[in-house]
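Assemble the complex: chain Y is given as a structure, and chain W must be docked to it using the hints.
What follows is the residue order along each chain.
There are 2 protein chains.
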Amino acid sequence: MNGLIMDYPLTTTTILKYAKSAFPHKKLISYLPNGDRHEYTYYELEKRSCQLANALKNKLGINKGDMVGTFAWNHYQHVELYYGIPGIGAVCHTINIRLSSQQTEFIINHSEDKVIFVDATLVPLLEKIAPKLETVEKYIIINAPENFSTSLLNTLYYEDLIEEQLDTLEWPILNENDACGMCYTSGTTGMPKGVLYSHRSTYLHAMTILSPNAGNYSNDDVILLIVPQFHVMAWGFPYMCLLTGSDMVMPSLHLQPEAIVRILEREKITKANGVPSIWMGVYEEMKKNPPKEKLALEEYLVGGSALSASLIENFENNFGIRGVQAWGMTETSPLGTASRLQKKHKDLSKKEQIKIRAKQGIEFPGIEMRIVGDNGKIAPRDGKTMGELQVKGAWVIKSYFKTNNRDNFTDDGWFRTGDVSTIDTDGYMEITDRTKDLIKSGGEWISSVALESALMAHPKIKEAAVIAIPDKKWSERPLAAIVLADISKPISDDELKEFLSSDFANYQIPDNYVTLNLVPKTSVGKFDKKEIRRLYAEGKLN
Amino acid sequence: MNGLIMDYPLTTTTILKYAKSAFPHKKLISYLPNGDRHEYTYYELEKRSCQLANALKNKLGINKGDMVGTFAWNHYQHVELYYGIPGIGAVCHTINIRLSSQQTEFIINHSEDKVIFVDATLVPLLEKIAPKLETVEKYIIINAPENFSTSLLNTLYYEDLIEEQLDTLEWPILNENDACGMCYTSGTTGMPKGVLYSHRSTYLHAMTILSPNAGNYSNDDVILLIVPQFHVMAWGFPYMCLLTGSDMVMPSLHLQPEAIVRILEREKITKANGVPSIWMGVYEEMKKNPPKEKLALEEYLVGGSALSASLIENFENNFGIRGVQAWGMTETSPLGTASRLQKKHKDLSKKEQIKIRAKQGIEFPGIEMRIVGDNGKIAPRDGKTMGELQVKGAWVIKSYFKTNNRDNFTDDGWFRTGDVSTIDTDGYMEITDRTKDLIKSGGEWISSVALESALMAHPKIKEAAVIAIPDKKWSERPLAAIVLADISKPISDDELKEFLSSDFANYQIPDNYVTLNLVPKTSVGKFDKKEIRRLYAEGKLN
Chain Y
1 MNGLIMDYPL TTTTILKYAK SAFPHKKLIS YLPNGDRHEY TYYELEKRSC
51 QLANALKNKL GINKGDMVGT FAWNHYQHVE LYYGIPGIGA VCHTINIRLS
101 SQQTEFIINH SEDKVIFVDA TLVPLLEKIA PKLETVEKYI IINAPENFST
151 SLLNTLYYED LIEEQLDTLE WPILNENDAC GMCYTSGTTG MPKGVLYSHR
201 STYLHAMTIL SPNAGNYSND DVILLIVPQF HVMAWGFPYM CLLTGSDMVM
251 PSLHLQPEAI VRILEREKIT KANGVPSIWM GVYEEMKKNP PKEKLALEEY
301 LVGGSALSAS LIENFENNFG IRGVQAWGMT ETSPLGTASR LQKKHKDLSK
351 KEQIKIRAKQ GIEFPGIEMR IVGDNGKIAP RDGKTMGELQ VKGAWVIKSY
401 FKTNNRDNFT DDGWFRTGDV STIDTDGYME ITDRTKDLIK SGGEWISSVA
451 LESALMAHPK IKEAAVIAIP DKKWSERPLA AIVLADISKP ISDDELKEFL
501 SSDFANYQIP DNYVTLNLVP KTSVGKFDKK EIRRLYAEGK LN
Chain W
1 MNGLIMDYPL TTTTILKYAK SAFPHKKLIS YLPNGDRHEY TYYELEKRSC
51 QLANALKNKL GINKGDMVGT FAWNHYQHVE LYYGIPGIGA VCHTINIRLS
101 SQQTEFIINH SEDKVIFVDA TLVPLLEKIA PKLETVEKYI IINAPENFST
151 SLLNTLYYED LIEEQLDTLE WPILNENDAC GMCYTSGTTG MPKGVLYSHR
201 STYLHAMTIL SPNAGNYSND DVILLIVPQF HVMAWGFPYM CLLTGSDMVM
251 PSLHLQPEAI VRILEREKIT KANGVPSIWM GVYEEMKKNP PKEKLALEEY
301 LVGGSALSAS LIENFENNFG IRGVQAWGMT ETSPLGTASR LQKKHKDLSK
351 KEQIKIRAKQ GIEFPGIEMR IVGDNGKIAP RDGKTMGELQ VKGAWVIKSY
401 FKTNNRDNFT DDGWFRTGDV STIDTDGYME ITDRTKDLIK SGGEWISSVA
451 LESALMAHPK IKEAAVIAIP DKKWSERPLA AIVLADISKP ISDDELKEFL
501 SSDFANYQIP DNYVTLNLVP KTSVGKFDKK EIRRLYAEGK LN
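Going down the list, the sequences are from chains Y and W. Terminal number for the first sequence in full-length UniProt numbering: 542, no gaps in between. Terminal number for the second sequence in full-length UniProt numbering: 542, no gaps in between.
Quick caveat, the hints were computed from the structure, so don't treat them as lab data. Among the clues, some could well be false.
Because identical chains share one entry, a pair is satisfied inside a single copy or across any pair of copies.
[Claimed, not checked] The list that follows gives simulated cross-link-like pairs (lysine to any residue, SDA-like), each with its CA atoms no further than 25 Å apart: (1) Lys268 to Lys384; (2) Lys20 to Thr425; (3) Lys27 to His345; (4) Lys346 to Gly320; (5) Lys288 to Gln256; (6) Lys138 to Phe401; (7) Lys294 to Asp347; (8) Lys392 to Asn404; (9) Lys346 to Thr41; (10) Lys346 to Glu299; (11) Lys138 to Asp374; (12) Lys27 to Met386; (13) Lys392 to Met6; (14) Lys489 to Ala450; (15) Lys346 to Glu293; (16) Lys20 to Leu341; (17) Lys343 to Gly320; (18) Lys268 to Gln342; (19) Lys462 to Tyr536; (20) Lys473 to Asn512; (21) Lys27 to Lys346; (22) Lys287 to Asn314; (23) Lys392 to Pro9; (24) Lys268 to Asp347; (25) Lys384 to Ser21.
In isolation and in its complexed conformation, chain Y is listed as follows:
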């Protein structure tokens, strides 16, 4: 029997119209590439998104299902693109500006972008590959300075495009299962793969991440979006902020620690997102130049890589700012879990509490997770048994764009994350490693992530990455690549082994340590272990 409830599709337009109606005065604040501070309201955001949508239809000939690329920083125009493009049924394809030219070229041709909206500061990256782009008919330049010039053909300025367009629109009623956005994974092997989000998945993900068990965002928050809009839709925050009526602050290219701290101070930011390396930098900057007044910042949400126990502890002890670990992937929109303490943990020692908070945490409603062991069986939730983390849910992909490859999916329809994890009896998931980075020594697993966390807790160590190296006897052994906190204060191998011995079994402790100036990172700031392995193989580490 059918329910008698109104048909009400969950779309990005639903979100935009909601914010205009319920929170017309709330603000979208942008620190533009040229340093200017720009501010307007959600009411104006809707108006300008209408203008953009009208221009896409009337001036650029964009139709339902067309791909429209963006190659841009976080700012209000990019938010207008997040709503204007899917609002007329087209797909907002955010292109990662940090990929190689070869990958960027591949992505744009593969997705068949008809138009690309590009920040003036990023135009040089596209100029290099423009002759090889097969489908792009026009480039729309955002934030162009005076006397801007480019070798790109068929360009138009963003403000010229939308001016004179009506700022009203009878937004079309869309099918919530249609695509609204696309990102490519920054895959460490092979070419990037396309991930297409639907309106429905975008809405449900945004609605879920604002809940108290997840990010806990309300209309009283001022939220800084450090995660780039070209990276998994900025974790859905440009949608979430409108649903919750919080102010949204966009830093564009001002991502240096000093710049971030200045924005945190000036805008009285209460919550923010970002990968751990950003927060590491912010922490060090604040230690060096402590803010004059206590920041309004209560909490930062971290994903992408593991938040180390030492960073959680340092930020909290020194500045009273809470780090919250979340987990996700491009293929999961991205957020699937977060780790917060519960009342039952309140009598634990601080150290034990932080150990729980450094886990990836409990799945959100709408997401299911399981651990599957080497034997193909679902592992018990005992906090010990490791296996591959597999997920399914309302914002998890069922396939990649334009490919029938099913390597990442199980026969019964779960997505294979490639992460090796445990789940404890309270439901907290912990990633112990990536399948491909996992160290198996003498038939026993060694968690490189656990070793890295432990090493980074040493006062003399700034960063540490652990990889597997071939070993005749044990088949694999861990190698630790470390970055010193102070280059004038080295640390001996024995000192490190001694330091690790309290928390690890003998066989788990690396025999070999090398010192780096910097841990190589991927385009999204994760430790690039492939690159470290390559350096090792080429004899360049010692």
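Using the frame of chain Y, we list chain W on its own:
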């Protein structure tokens, strides 16, 4: 272009399976009708819901689309019914135990319930009408004491029904648009009307009310469900608690103020729901017998009637417990708005703050609202212009069960609430009256709700209801019916007029006051103005 996201229907079974997986140890605690305290986990809830679902299919022949009635208090068996019945595609029809025999008979015959699950203490109410029930094949008795006997035919005990059934089930994959639950409005005019909820609307409503702008519930909360499960699905809380992983506490028939305070103390309740009259009683009980230790209770969510500014203030000043005003109707699942302060209000006086908090508040995402004036035009959001509140959204009905009557719907598909409201520039909606109770005196509107709130703030007054009475000169005039706080301390008409004169225009102040022992209430605890008008018309008020 289609998104590439997994198909993942939003159903009550999704919710049940989620809690079993993510929060297996969280508790459902019941104070049973006989006074026993019962406790088990969400893991066990899923197990027993499987047993129930298997019994419904195997022993009672319930099929997809069948109506299954419940006539019961809040307790774990009733929660099992909330999941077990819709889990196999049938509809959980919760029958309001407080209606007249005539209405109850009408509802059961109209809905065509095949089976009714009934609490032993409520059996006498059904015995009276059983001979007239046309479709009921069986009565399942819950919480039967020893030596229970009844004149009902075809009865079975709940525990006998489910025992020996498997506690596992491959829950069927349901269409999220199928019905999962049904309630009848306790309509003040005519016979009750049926409202059918879908799985999707139930999920989205539950997911939304846990957000920080709404109820703000996390896995750290212990939530007392005072709103009966037979009243608009207990405001969706039995679904919400599982989504958020909070403990759920059920009082069954222990709804007297002393009993509620005892449960608040013993279970360390952090949040609760309920209509204002319940909280008025709890407040008075706590004043009389102050709890020895400060309660864990942080907040109570109120709906159904307006929460008076004086109750908000008294509870907060005396006990540090926050009242949160929400608004909704059976036809809106029910919750559509809530009122919380924002940063911009922090410099207002306490009195001004409470004035905002006593409004019905801002609509939730998924809900749209508008005010339509007598001229049929959408009224501005200026906090002054009154009109009928109309809503639409993802958990608002598009029609009533088995009727084509469109009186409550506009031509463009909005639901007409029958409430007269304003919306201010910050988006806070305030109900000024019911259309049918609205007082129009000399061409000017008078808000009976505002008068009632003001009168109830007088220390000598416990309750006040204001109705319109016919007037030759002004067409209508307000009449205030008051209940004294202390019968030995009467209050004069002049004293009342003087008291109101600071906040109201002369024409708005009632000329006439009558004293009652008790304000008549509807079955769901609202002031029954129809009854007051009837008493007045019959000359029984003076």
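Quick rundown of the hints versus the structure:
1. When the C-alpha separation of Lys268 and Lys384 is checked against a cutoff of 25 Å, the pair qualifies neither within a copy, at 42 Å, nor between copies, at 33 Å.
2. In the homo-oligomer, the alpha carbons of Lys20 and Thr425 lie at most 25 Å apart only across protomers (12 Å), although the nearest pairing inside one protomer, at 43 Å, exceeds that limit.
3. For a Cα distance limit of 25 Å, the shortest separation of Lys27 from His345 across copies, 16 Å, qualifies, whereas the shortest one inside one copy, 37 Å, does not.
4. For the homomeric pair Lys346 and Gly320, the shortest alpha-carbon distances inside one copy (18 Å) and between copies (23 Å) are both at most 25 Å.
5. In this homomeric assembly, Lys288 and Gln256 come within 25 Å of each other (Cα to Cα) only inside a single copy, at 14 Å, whereas the closest approach across copies is 60 Å.
6. With identical chains, the CA atoms of Lys138 and Phe401 are at most 25 Å apart within one copy only, with a shortest distance of 23 Å there and 53 Å across copies.
7. When the C-alpha separation of Lys294 and Asp347 is checked against a cutoff of 25 Å, the pair qualifies only between copies, where the shortest distance is 20 Å, while the shortest distance within a copy is 28 Å.
8. Within a single copy, Lys392 and Asn404 get their C-alpha atoms as close as 18 Å, which meets the 25 Å cut-off; across copies the closest is 41 Å, which misses it.
9. For a Cα distance limit of 25 Å, the shortest separation of Lys346 from Thr41 across copies, 21 Å, qualifies, whereas the shortest one inside one copy, 41 Å, does not.
10. With identical chains, the CA atoms of Lys346 and Glu299 are at most 25 Å apart both within one copy (19 Å) and between copies (21 Å).
11. Taking CA atoms no more than 25 Å apart as the test, Lys138 paired with Asp374 passes in neither setting, with 50 Å inside one copy and 51 Å between copies.
12. Taking CA atoms no more than 25 Å apart as the test, Lys27 paired with Met386 passes in neither setting, with 45 Å inside one copy and 28 Å between copies.
13. For the identical chains of this complex, Lys392 and Met6 are inter-copy neighbours only, at 7 Å across copies versus 28 Å inside a copy, given an alpha-carbon limit of 25 Å.
14. Only within a single protomer do Lys489 and Ala450 lie at most 25 Å apart by alpha-carbon distance; the minimum there is 24 Å, versus 72 Å between protomers.
15. Within a single copy, Lys346 and Glu293 get their C-alpha atoms only as close as 29 Å, which misses the 25 Å cut-off; across copies the closest is 20 Å, which meets it.
16. Proximity of Lys20 to Leu341 under the C-alpha cut-off of 25 Å is restricted to the inter-copy arrangement: shortest distance 19 Å between copies versus 35 Å within a copy.
17. For the homomeric pair Lys343 and Gly320, the shortest alpha-carbon distances inside one copy (20 Å) and between copies (21 Å) are both at most 25 Å.
18. Within a single copy, Lys268 and Gln342 get their C-alpha atoms only as close as 28 Å, which misses the 25 Å cut-off; across copies the closest is 15 Å, which meets it.
19. With identical chains, the CA atoms of Lys462 and Tyr536 are at most 25 Å apart within one copy only, with a shortest distance of 20 Å there and 81 Å across copies.
20. Proximity of Lys473 to Asn512 under the C-alpha cut-off of 25 Å is restricted to the intra-copy arrangement: shortest distance 15 Å within a copy versus 98 Å between copies.
21. For a Cα distance limit of 25 Å, the shortest separation of Lys27 from Lys346 across copies, 18 Å, qualifies, whereas the shortest one inside one copy, 37 Å, does not.
22. Proximity of Lys287 to Asn314 under the C-alpha cut-off of 25 Å is restricted to the intra-copy arrangement: shortest distance 10 Å within a copy versus 45 Å between copies.
23. Both within a single protomer and between protomers do Lys392 and Pro9 lie at most 25 Å apart by alpha-carbon distance, with minima of 22 Å and 12 Å respectively.
24. For a Cα distance limit of 25 Å, the shortest separation of Lys268 from Asp347 across copies, 17 Å, qualifies, whereas the shortest one inside one copy, 32 Å, does not.
25. In this homomeric assembly, Lys384 and Ser21 come within 25 Å of each other (Cα to Cα) only across copies, at 17 Å, whereas the closest approach inside a single copy is 49 Å.
In this structure, the earlier hints numbered 1, 11, 12 are contradicted, and the remaining ones agree with it.
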